[in-house]
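Each chain, letter by letter, is given below.
Number of protein chains: 2
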Amino acid sequence: MNIEIWSIGKENESFIDEGIAHYFKKTKPYNPVELVILQTPKKSATTDIEKTKQQEEELILKRLEPQYYLVLLDERGKMLSSPQWAQQFQQMMNQGVKTVVLLIGGAYGVSDKVRAEAKQVWSLSNLVFPHQLVRLILAEQVYRAFSILNNSPYHHS
Amino acid sequence: MNIEIWSIGKENESFIDEGIAHYFKKTKPYNPVELVILQTPKKSATTDIEKTKQQEEELILKRLEPQYYLVLLDERGKMLSSPQWAQQFQQMMNQGVKTVVLLIGGAYGVSDKVRAEAKQVWSLSNLVFPHQLVRLILAEQVYRAFSILNNSPYHHS
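The listed protein sequences derive, respectively, from chains A and B.
Reminder that position 116 of the first sequence reads as 116 in our numbering, one-by-one numbering, no gaps.
Reminder that position 130 of the second sequence reads as 130 in our numbering, one-by-one numbering, no gaps.
Bound conformation, chain A alone (with noise of 0.2 Å):
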């Protein structure tokens, strides 16, 4: 199974990207694992909002096939711990999910449309973190979970 990370925005400062080269690497063994940052041509860059979410839900749509199952990051979305985490991915396998797209949205979150395509809304918790540290956080948080899955000691409760 694939495992994408989506995010809307800048690129990473250099310690964001060392950290997710970090996770990726040790993920690798056992399961493929990217990060995709998708960005608003800069020309088209506007304050108002509601047309920044809708660029975005065109850079989102347009890449989004039928098949992948999306999962979206969101302040509102339930709460799991890590080993719910290991268990959402391993039953996403067993229901032959090739790519699962673990998304982040823009400043301002997702348009309506893309949250509809969601098939689950997970939120990592009550505080608001910027959208690098959350790359960083989604990465660590896979390559724990796929360390629970595979009984590896790195996770201990």
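Accuracy of the hints is not assured; some may be wrong.
Pairs involving identical chains hold if they fit within one copy or between any two copies, as the list cannot separate such chains.
[To be verified] Using 27 Å as the maximum straight-line C-alpha spacing, the simulated DSS-like pairs for lysine-lysine come out as follows: (1) K28 x K10; (2) K26 x K51; (3) K26 x K10; (4) K10 x K25; (5) K98 x K28; (6) K98 x K78; (7) K119 x K42.
These are calculated hints, taken from the structure and not from any lab test.
Treat the numbers as computed from the prediction; the structure is a model and nothing was measured.
Since the structure of chain A is already known, use the hints to place chain B on it.
For chain B alone, kept in the frame of chain A given last:
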């Protein structure tokens, strides 16, 4: 008010160090913040969980002065929002707290004696994060809290 993040364990990976420096630099104009890594001596390393917790307890209590305001970070704690972190720091300042310690326990949590010293217990998430990532998350949340208190545009929820 001085903010100190205390953490049991190893030195940081370079990407964590870089990330913490990134947020500390941004926080400095608002409020001083530093990271204190507490390391148990290597020669006394043990696989006995209770003994480890006791060694860590000594390290913590030796450093903890009676006037310090201790906040323990623990999965069983209260899950606050980022604006609530800001409010908490404001209340501590109003109470005349000079030094607040945000304590990240060791791999097995903290001893009951350390827990009894804590004025508050906060939880970051239902997810389990590695200690190094918790240090980085705390660095960012402290910056976010002081951005909120200073009406900076960094936090828009």
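My question is about K98 and K78: at a cut-off of 27 Å on alpha-carbon distance, are they close within one copy, between copies, both, or neither? Classified as within; 23 Å inside a copy, 38 Å across copies.
When Cα atoms must be at most 27 Å apart, do K26 and K51 count as within-copy, between-copy, both, or neither? Cα proximity of K26 and K51: none, with 39 Å in one copy and 31 Å across.
What label fits K98 with K28 when the C-alpha limit is 27 Å: within, between, both, or neither? So K98 and K28 pass the 27 Å test inside one copy only (16 Å; across, 46 Å).
Within, between, both or neither: how does the pair K119, K42 come out at a Cα-Cα threshold of 27 Å? neither (31 Å within a copy, 48 Å between copies)
Within a copy, between copies, both or neither: where do K28 and K10 come within 27 Å Cα-Cα? Close inside one copy (25 Å) and across copies (25 Å); limit 27 Å.
Classify it for me, K26 with K10: is the Cα-Cα distance of at most 27 Å met within a copy, between copies, both or neither? So K26 and K10 pass the 27 Å test inside a copy (25 Å) and across (19 Å) alike.
Between K10 and K25, at a C-alpha cutoff of 27 Å, which is it: within one copy, between copies, both, or neither? Result: close both inside a copy and across copies, 22 Å intra and 21 Å inter.
Checked against the numbered hints given earlier, the structure breaks hints 2, 7 and satisfies all the rest.
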